[in-house]
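Trainee: What follows is each chain in one-letter form.
2 protein chains.
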Amino acid sequence: MFKFELLKTAKDSKARLGKITTPHGDIETPIFMPVGTRATVKTMTPHEVKDLGAQIILSNTYHLFLKPGMDIIEKAGGLHKFMQWDGPILTDSGGFQVFSLSDSRKITEEGVSFRSHIDGSLKFLSPEISMDIQHTLGSDIMMAFDECAPYPATYEYIEDSMMRTTRWAQRCKDHHHNENQALFGIVQGGMYKDLREISAKDLVAMDFPGYAVGGLSVGEPLELMEEILDFTTDFLPEDKPRYLMGVGSPDYLFEAVERGIDMADCVLPTRIARNGTIMTSKGKLVVKNAAYKEDFRPLDETCGCYTCRNFSRAYVRHLFNTDEILGLRLATIHNLHFLIHLMEDIRESIREDRFLEFKDDFYREYGYNK
Amino acid sequence: MFKFELLKTAKDSKARLGKITTPHGDIETPIFMPVGTRATVKTMTPHEVKDLGAQIILSNTYHLFLKPGMDIIEKAGGLHKFMQWDGPILTDSGGFQVFSLSDSRKITEEGVSFRSHIDGSLKFLSPEISMDIQHTLGSDIMMAFDECAPYPATYEYIEDSMMRTTRWAQRCKDHHHNENQALFGIVQGGMYKDLREISAKDLVAMDFPGYAVGGLSVGEPLELMEEILDFTTDFLPEDKPRYLMGVGSPDYLFEAVERGIDMADCVLPTRIARNGTIMTSKGKLVVKNAAYKEDFRPLDETCGCYTCRNFSRAYVRHLFNTDEILGLRLATIHNLHFLIHLMEDIRESIREDRFLEFKDDFYREYGYNK
Numbered sequence: 001m002f003k004f005e006l007l008k009t010a011k012d013s014k015a016r017l018g019k020i021t022t023p024h025g026d027i028e029t030p031i032f033m034p035v036g037t038r039a040t041v042k043t044m045t046p047h048e049v050k051d052l053g054a055q056i057i058l059s060n061t062y063h064l065f066l067k068p069g070m071d072i073i074e075k076a077g078g079l080h081k082f083m084q085w086d087g088p089i090l091t092d093s094g095g096f097q098v099f100s101l102s103d104s105r106k107i108t109e110e111g112v113s114f115r116s117h118i119d120g121s122l123k124f125l126s127p128e129i130s131m132d133i134q135h136t137l138g139s140d141i142m143m144a145f146d147e148c149a150p151y152p153a154t155y156e157y158i159e160d161s162m163m164r165t166t167r168w169a170q171r172c173k174d175h176h177h178n179e180n181q182a183l184f185g186i187v188q189g190g191m192y193k194d195l196r197e198i199s200a201k202d203l204v205a206m207d208f209p210g211y212a213v214g215g216l217s218v219g220e221p222l223e224l225m226e227e228i229l230d231f232t233t234d235f236l237p238e239d240k241p242r243y244l245m246g247v248g249s250p251d252y253l254f255e256a257v258e259r260g261i262d263m264a265d266c267v268l269p270t271r272i273a274r275n276g277t278i279m280t281s282k283g284k285l286v287v288k289n290a291a292y293k294e295d296f297r298p299l300d301e302t303c304g305c306y307t308c309r310n311f312s313r314a315y316v317r318h319l320f321n322t323d324e325i326l327g328l329r330l331a332t333i334h335n336l337h338f339l340i341h342l343m344e345d346i347r348e349s350i351r352e353d354r355f356l357e358f359k360d361d362f363y364r365e366y367g368y369n370k
Numbered sequence: 001m002f003k004f005e006l007l008k009t010a011k012d013s014k015a016r017l018g019k020i021t022t023p024h025g026d027i028e029t030p031i032f033m034p035v036g037t038r039a040t041v042k043t044m045t046p047h048e049v050k051d052l053g054a055q056i057i058l059s060n061t062y063h064l065f066l067k068p069g070m071d072i073i074e075k076a077g078g079l080h081k082f083m084q085w086d087g088p089i090l091t092d093s094g095g096f097q098v099f100s101l102s103d104s105r106k107i108t109e110e111g112v113s114f115r116s117h118i119d120g121s122l123k124f125l126s127p128e129i130s131m132d133i134q135h136t137l138g139s140d141i142m143m144a145f146d147e148c149a150p151y152p153a154t155y156e157y158i159e160d161s162m163m164r165t166t167r168w169a170q171r172c173k174d175h176h177h178n179e180n181q182a183l184f185g186i187v188q189g190g191m192y193k194d195l196r197e198i199s200a201k202d203l204v205a206m207d208f209p210g211y212a213v214g215g216l217s218v219g220e221p222l223e224l225m226e227e228i229l230d231f232t233t234d235f236l237p238e239d240k241p242r243y244l245m246g247v248g249s250p251d252y253l254f255e256a257v258e259r260g261i262d263m264a265d266c267v268l269p270t271r272i273a274r275n276g277t278i279m280t281s282k283g284k285l286v287v288k289n290a291a292y293k294e295d296f297r298p299l300d301e302t303c304g305c306y307t308c309r310n311f312s313r314a315y316v317r318h319l320f321n322t323d324e325i326l327g328l329r330l331a332t333i334h335n336l337h338f339l340i341h342l343m344e345d346i347r348e349s350i351r352e353d354r355f356l357e358f359k360d361d362f363y364r365e366y367g368y369n370k
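The listed protein sequences correspond, in order, to chains G and V. Residue numbering for the first sequence follows UniProt numbering, beginning at 1 and increasing consecutively. Residue numbering for the second sequence follows UniProt numbering, beginning at 1 and increasing consecutively.
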């Protein structure tokens with residue numbers, strides 16, 4: 001059921017245009033995937049997410065494993081039915097959250113034991129358990145169980161971690177048994193090029209239907225991310241989709257696409273929205289600022305989203321200043337619309353062989369110095 | 001512009017069917033008015049509120065006076081434009097919140113000085129200021145500035161308070177100058193029938209286009225409210241709408257309509273929704289309860305709202321258990337839909353001369369002992 005078609009590679013960069021086919025629909029790439037951590041894209045109904053033009057969402061194995069737990073998801077008939085999202089879903093492996101959220105982690109070859117960040121209870125995740133959970137969730141794209149190593153970290157730590165992630169990837173592949181769910185491998189190796197090369201080659205040899213680049217955008221400078229990413233994607237097959245995990249600011253998305261990335265996800269647009277930070281064509285706007293008190297223009301004057309078609313900065317500011325949930329909703333709608341449409345524009349620019357030109361124009365308007 | 005037509009009075013009770021015309025549209029009565037305290041019905045967009053079938057909303061003078069303040073509302077072109085609700089709006093006078101929310105109140109004949117519950121700053125409201133604010137808000141129905149006296153209270157307190165409220169009503173009328181905004185008087189008098197009679201007669205003599213019954217549903221037993229309400233409505237003219245303030249549970253709405261009330265409002269359905277308490281045809285359902293963990297039925301099996309058409313109790317429970325805003329939204333949508341459609345059914349039952357029969361059936365299903 002899973003298929004990737006490479007429709008075009010840009011002349012001016014490694015940017016690519018493609019199409020992914022899944023049991024729940026097609027996805028045009030490059031794509032930004034909104035995150036629905038706990039079976040909901042925060043503040044949004046699934047129908048609103050679809051209306052915004054989202055073609056795939058991401059959901060989190062770790063969070064759903066803890067709450068509501070797999071019993072309930074199984075009885076609901078899988079995650080799509082539980083949350084009423086009928087489009088494609090990508091689930092992560094749980095690895096990232098185990099390493100970033102939980103307490104008292106202990107990593108062994110077998111897997112990771114940890115304490116739940118919710119109630120402190122002892123839990124265990126392994127490649128096999130992650131596969132079982134993702135089988136129950138029924139996502140269209142599953143991720144291999146990996147360690148997302150911290151930055152900075154020593155060569156020795158990253159080498160050990162990456163080699164174990166590769167062994168875990170093989171165990172995931174061996175345990176994976178649902179042909180309606182595509183399993184992606186995750187390239188690790190930190191900021192060390194030789195380790196990235198080994199990781200990529202080993203995973204490619206296992207022949208996954210898609211590859212993620214993990215362990216980037218973890219605190220390193222943008223330039224370093226660009227360098228490692230540029231280096232890594234050269235080892236990935238042309239005919240498989242490439243997914244950069246945890247990236248959602250406009251500049252990171254542009255730089256990723258330029259280096260041959262097809263998919264990205266991040267909580268950033270929805271999280272900053274709930275803080276009142278708005279992404280606009282002219283850069284970020286902090287709507288709570290007094291400057292917008294009597295500003296009756298839309299959040300972004302060039303935007304056609306529901307929020308911008310209907311409401312003023314002054315009104316959205318009032319909602320934030322009075323802790324009204326509608327404020328969180330209107331900002332979330334706008335930021336997701338902004339990124340989803342940015343990716344549409346990026347695809348269009350690749351199609352028309354003017355990706356780098358579009359990037360330069362965007363950066364100038366947005367106020368990026370690059 | 002403001003008009004009330006009495007279309008029918010029931011044979012089995014004092015229940016009435018009517019139509020109110022306002023500059024922003026018509027309202028079928030009896031009607032329940034959702035509350036949008038701070039220029040938003042909590043968690044909802046104005047378009048969603050309209051889609052639920054709401055024909056009028058209520059907004060609060062006190063809250064809007066403090067935040068965002070009248071400067072901003074005036075520059076926005078009024079409350080309708082500020083919040084993008086194009087239907088009728090009723091604004092209260094600010095009196096109730098001054099007496100229930102603020103600190104250091106001091107009542108004089110001139111008005112009430114108080115400290116803002118937000119920042120402790122000293123504020124002053126009077127009949128004239130309340131009118132000025134409501135003129136700026138541009139509501140279709142304005143309320144006279146009154147004191148909503150506490151329960152219980154002595155005869156002397158209520159007599160003083162009611163007489164002052166009546167004098168304030170005259171000052172409101174004298175200061176009111178926008179013919180596109182109808183000004184309602186508010187009958188007070190606590191639980192003392194003779195005071196209610198005096199209040200009603202004095203206000204009716206001033207010839208307002210509508211009358212509210214205030215100072216009920218303030219803690220007294222339901223039976224006492226019924227008795228006082230029944231007594232009071234007999235002194236109100238047949239050809240003017242009657243509004244019972246602060247009532248929003250199904251039984252109170254039925255009992256109010258039975259006694260000749262045409263309009264009611266309350267934060268109850270939206271407030272309990274945000275606590276996870278769901279109004280259903282079979283009584284209240286506390287969706288956080290463990291009983292609904294694996295219950296994949298809709299909140300109310302007979303309901304056709306967006307929430308019930310799409311989501312299960314298990315999913316809504318999961319959203320509440322993980323503090324997801326979508327849970328608050330789905331519960332709010334359902335409860336408002338429930339009350340709005342209950343009022344539709346009540347109107348239908350009056351039209352078909354079976355109001356009391358419908359009430360009995362509803363009470364039996366809902367589990368009310370009456």
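Just so you know, these hints were derived from the structure itself, not from any lab. Incorrect hints may appear among the rest.
Since the list can't tell identical chains apart, any single copy or any two copies may satisfy a pair.
Unchecked claim - Listed next, the in silico DSS-like pairs over lysine-lysine satisfying Cα-Cα at most 27 Å (straight line): (1) LYS123 <-> LYS11; (2) LYS240 <-> LYS106; (3) LYS67 <-> LYS19; (4) LYS123 <-> LYS50; (5) LYS293 <-> LYS67; (6) LYS173 <-> LYS50; (7) LYS288 <-> LYS123; (8) LYS293 <-> LYS173; (9) LYS123 <-> LYS293; (10) LYS42 <-> LYS288; (11) LYS282 <-> LYS75; (12) LYS288 <-> LYS81; (13) LYS75 <-> LYS11; (14) LYS106 <-> LYS293; (15) LYS282 <-> LYS50; (16) LYS193 <-> LYS19; (17) LYS293 <-> LYS81; (18) LYS293 <-> LYS75; (19) LYS106 <-> LYS81; (20) LYS3 <-> LYS81; (21) LYS75 <-> LYS288; (22) LYS284 <-> LYS173; (23) LYS240 <-> LYS123; (24) LYS288 <-> LYS67; (25) LYS284 <-> LYS81.
Trainee: Each hint needs a verdict: does it hold in this structure or not?
Mentor: Each hint tested on the structure:
no., hint, result
1, LYS123 <-> LYS11, "neither (49 Å within a copy, 66 Å between copies)"
2, LYS240 <-> LYS106, "neither (34 Å within a copy, 74 Å between copies)"
3, LYS67 <-> LYS19, "neither (33 Å within a copy, 49 Å between copies)"
4, LYS123 <-> LYS50, "neither (34 Å within a copy, 47 Å between copies)"
5, LYS293 <-> LYS67, "between (40 Å within a copy, 11 Å between copies)"
6, LYS173 <-> LYS50, "neither (31 Å within a copy, 51 Å between copies)"
7, LYS288 <-> LYS123, "between (41 Å within a copy, 24 Å between copies)"
8, LYS293 <-> LYS173, "neither (55 Å within a copy, 33 Å between copies)"
9, LYS123 <-> LYS293, "between (48 Å within a copy, 21 Å between copies)"
10, LYS42 <-> LYS288, "both (20 Å within a copy, 19 Å between copies)"
11, LYS282 <-> LYS75, "between (47 Å within a copy, 25 Å between copies)"
12, LYS288 <-> LYS81, "between (37 Å within a copy, 20 Å between copies)"
13, LYS75 <-> LYS11, "neither (49 Å within a copy, 51 Å between copies)"
14, LYS106 <-> LYS293, "neither (50 Å within a copy, 31 Å between copies)"
15, LYS282 <-> LYS50, "within (26 Å within a copy, 33 Å between copies)"
16, LYS193 <-> LYS19, "neither (29 Å within a copy, 75 Å between copies)"
17, LYS293 <-> LYS81, "between (42 Å within a copy, 15 Å between copies)"
18, LYS293 <-> LYS75, "between (49 Å within a copy, 11 Å between copies)"
19, LYS106 <-> LYS81, "neither (34 Å within a copy, 57 Å between copies)"
20, LYS3 <-> LYS81, "within (23 Å within a copy, 49 Å between copies)"
21, LYS75 <-> LYS288, "between (43 Å within a copy, 18 Å between copies)"
22, LYS284 <-> LYS173, "neither (42 Å within a copy, 48 Å between copies)"
23, LYS240 <-> LYS123, "neither (34 Å within a copy, 66 Å between copies)"
24, LYS288 <-> LYS67, "between (33 Å within a copy, 13 Å between copies)"
25, LYS284 <-> LYS81, "between (36 Å within a copy, 26 Å between copies)"
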